[in-house]
Amino acid sequence: MDGTVALLAAVIVASTPLLFAAIGELVAERSGVLNLGVEGMMLAGAVTGFAVTLTTGSHLIGIGSAAVAGAGMALVFAVLTLTLMANQVATGLALTIFGVGLSALVGSGFVGTPLPRLPRLDIPGLSDLPVLGPLLFRHDILVYGAVALTLAVAWFLAKTRGGMILRAVGENHEAAHGLGYNVIRIRYLAVLFGGLCAGLGGAFLSIAYTPMWIEQMTAGRGWIALALVVFAAWRPLRVLVGAYLFGGVTILQLHAQGLGLFAVPSQVMSMLPYIATIIVLVIISVGPWKARLQAPACLGRPFAPTT
Amino acid sequence: MVRLEPRAQISPVMSWLTPVLAVLLTVAAGAVLFAAMGYDPVRSLRAFFIAPISSAYGLAELGVKATPLILIATGLAVGFRAGVWNIGAEGQLTLGALAGGYVGLLFWGQAGWYILPLMMIAGVLGGMAWAAIPAFLKAKFDVNEILVSLMLTYVGLLLLSALIYGPLRSPEGFGFPESRMFSPSAQLPNLIAGTRLHLGAVITGVIVLVVWFLMSRTLFGFQVTVIGQAPAAARFAGFSRARMIWISLMMGGGLAGLAGLFEVAGPIGQIVPTISPGYGFTAIIVAFLGRLHPLGCVLAGLLVALSYLGGENAQITVGMPQAVTGVFQGMLLFFLLAADVLVRYRLRVGKPALARS
Chain Z
1022 MDGTVALLAA
1032 VIVASTPLLF
1042 AAIGELVAER
1052 SGVLNLGVEG
1062 MMLAGAVTGF
1072 AVTLTTGSHL
1082 IGIGSAAVAG
1092 AGMALVFAVL
1102 TLTLMANQVA
1112 TGLALTIFGV
1122 GLSALVGSGF
1132 VGTPLPRLPR
1142 LDIPGLSDLP
1152 VLGPLLFRHD
1162 ILVYGAVALT
1172 LAVAWFLAKT
1182 RGGMILRAVG
1192 ENHEAAHGLG
1202 YNVIRIRYLA
1212 VLFGGLCAGL
1222 GGAFLSIAYT
1232 PMWIEQMTAG
1242 RGWIALALVV
1252 FAAWRPLRVL
1262 VGAYLFGGVT
1272 ILQLHAQGLG
1282 LFAVPSQVMS
1292 MLPYIATIIV
1302 LVIISVGPWK
1312 ARLQAPACLG
1322 RPFAPTT
Chain U
16 MVRLEPRAQI
26 SPVMSWLTPV
36 LAVLLTVAAG
46 AVLFAAMGYD
56 PVRSLRAFFI
66 APISSAYGLA
76 ELGVKATPLI
86 LIATGLAVGF
96 RAGVWNIGAE
106 GQLTLGALAG
116 GYVGLLFWGQ
126 AGWYILPLMM
136 IAGVLGGMAW
146 AAIPAFLKAK
156 FDVNEILVSL
166 MLTYVGLLLL
176 SALIYGPLRS
186 PEGFGFPESR
196 MFSPSAQLPN
206 LIAGTRLHLG
216 AVITGVIVLV
226 VWFLMSRTLF
236 GFQVTVIGQA
246 PAAARFAGFS
256 RARMIWISLM
266 MGGGLAGLAG
276 LFEVAGPIGQ
286 IVPTISPGYG
296 FTAIIVAFLG
306 RLHPLGCVLA
316 GLLVALSYLG
326 GENAQITVGM
336 PQAVTGVFQG
346 MLLFFLLAAD
356 VLVRYRLRVG
366 KPALARS
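Protein chains in written order, with this note's numbering: chain Z, 1022 to 1328; chain U, 16 to 372.
Keep in mind the hints are simulated off the structure, nothing from the lab.
Note that this is a predicted model, so its numbers are computed, not measured.
Note that the Cβ used here is the ideal one computed from N, Cα and C, for glycine as well.
Hints may contain errors.
To give an idea of the interface, some chain Z residues facing chain U are shown, with a C-beta separation under 10 Å as derived from the structure [what the hints assert, rightly or not]:
no., residue
1, Val-1097
2, Val-1110
3, Gly-1120
4, Val-1121
5, Leu-1123
6, Leu-1126
7, Gly-1130
8, Gly-1241
9, Ile-1245
10, Ile-1296
To spell it out: a stretch of chain Z is covered by chain U in this simulated footprint if at least three of its residues, at any positions, have a beta carbon under 8 Å from a beta carbon of chain U; those stretches are [claimed, not checked]:
no., segment
11, 1111 to 1119
12, 1246 to 1259
13, 1288 to 1294
14, 1298 to 1307
Covered stretches of chain U, going by a simulated chain Z footprint (3 or more residues, C-beta under 8 Å) [unchecked claim]:
no., segment
15, 146 to 159
16, 292 to 303
17, 333 to 339
With the rest of the complex left out, here is chain Z:
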């Protein structure tokens, strides 16, 4: 029983970086912008979060700086694609290549340096509950933050005027423009929010999940987050489910490796999250789900105001 709870709690932890990155990308995509640079923004957040936490000694300042770094990377993307109308796919790839290089450069002095792990924040009262306590209420602030952020985004998109405007911009930017909304400004904000979230996801990796800096430590999570948004059919709460699913695959393969359950090399087990991503992409592309039909209609299309 305790083992199962610990396992499920580990799934929640492992899904946190994916949740941050995916919920941010979801907001950007709902506004009609496809940013493939999530991996690069996460790496910028990871190295910044690590470096600032190490030098200031404060995890919170580190987390804040990581969010700013992620948003800064997103700003580069936004200027190129929204102001200069560059191709979104190419610019997103450039952002990832740049993020990989820049984070390696900034982090080259930090490789091998240990960092105190982001402390746990037990919720008073609730953390002592049987089963639910260790499962849900004995995590660090970023784990709570990721879930809270997802719920907040779900509420924002579904229930608020701002969320409705953002969705309108993503579905039909000409009409939104015609109604007097500033399409470009709204997309800037959505892209910046995406970068901020990706930065937080990266910071979680480098100061909480494995508190150290390793080159390319995101290991494709930014790309998996992109797949998660498709899997979730651009719905925030489904992102939560998807993130737990992928977190589950990660933990499962780690445990199977640790216990030596299968007589296969560890590398084969490490392939699982990537193969699972492909399988999920196939499943949602066939059969009755057809998630793509629910993609924001203006996703990836540049907008140039004509009048």
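With the hints as your guide, set chain U onto chain Z.
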């Protein structure tokens, strides 16, 4: 006030000038970056861009690094023109190196003229096999090829690791994760004694010319361009989208696989845990910088190859982290994408002219 005004037609002059502009901006930004990192910018730029190619050996090394970049970019450019985004060339390169290298190991200790051609065929097939997965899924179910080809890159790198720590490990290698060295018959001959420039560079040149001919002189090349730029018109004309997806990914995957085989049968001479320093990703930059044109890819490949040599040299002579190479490559693509706005738009100063539409 400065505004952007759409051009009636894209400017062909600008489309060849913007890469030059992007390179100049990257060098300028590089000088600022070096200064910000506390290095003497002039000395660093010299170490990065000039010193590596001021000897015959350096020029040959430039060819060694440019060969895989040009080969992969030439294949990717076809797909990018058709709007097929294969970004998993790094994985396809790895599978090509594994498949071709495996054939080389089968003939270990043997001699024969047929060994290298067999390895090359296996390399091409290995890359194609890996690219066939996103091609099938894209053509059949419209699954996003960007994500599938990228996920397969991670799988491919893990597969290489599993095999090199397992069955491919040399029995005489004292436990190091390396295969046996290929026999002389399974290694690409060097073109110039004392350098590492190998036969693969010549084959790459021939392939570039063939692709150039295909793209500029045949109906196939025309179809690729139409499908990429006007999908509706292409459908109306009866050009098959599924066929184009397959051709794009097979060309990209096959040439990436061949590039991988060239690396293991050329400069490396055996299968090792790290075959490429990210050539498959960097080739994306080369393809764009070369304007998705085979001959453009050659110029762009030579230039981007210099960033690898520059990074290595700057590390040795100025003590700079080698990661600076990746920053340069990223900046180059950013500046190119930003400068490309000039291809489609004109800069205008002042108020918009009225009634110009």
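field: Indices of hints not satisfied (ascending)
entry: none
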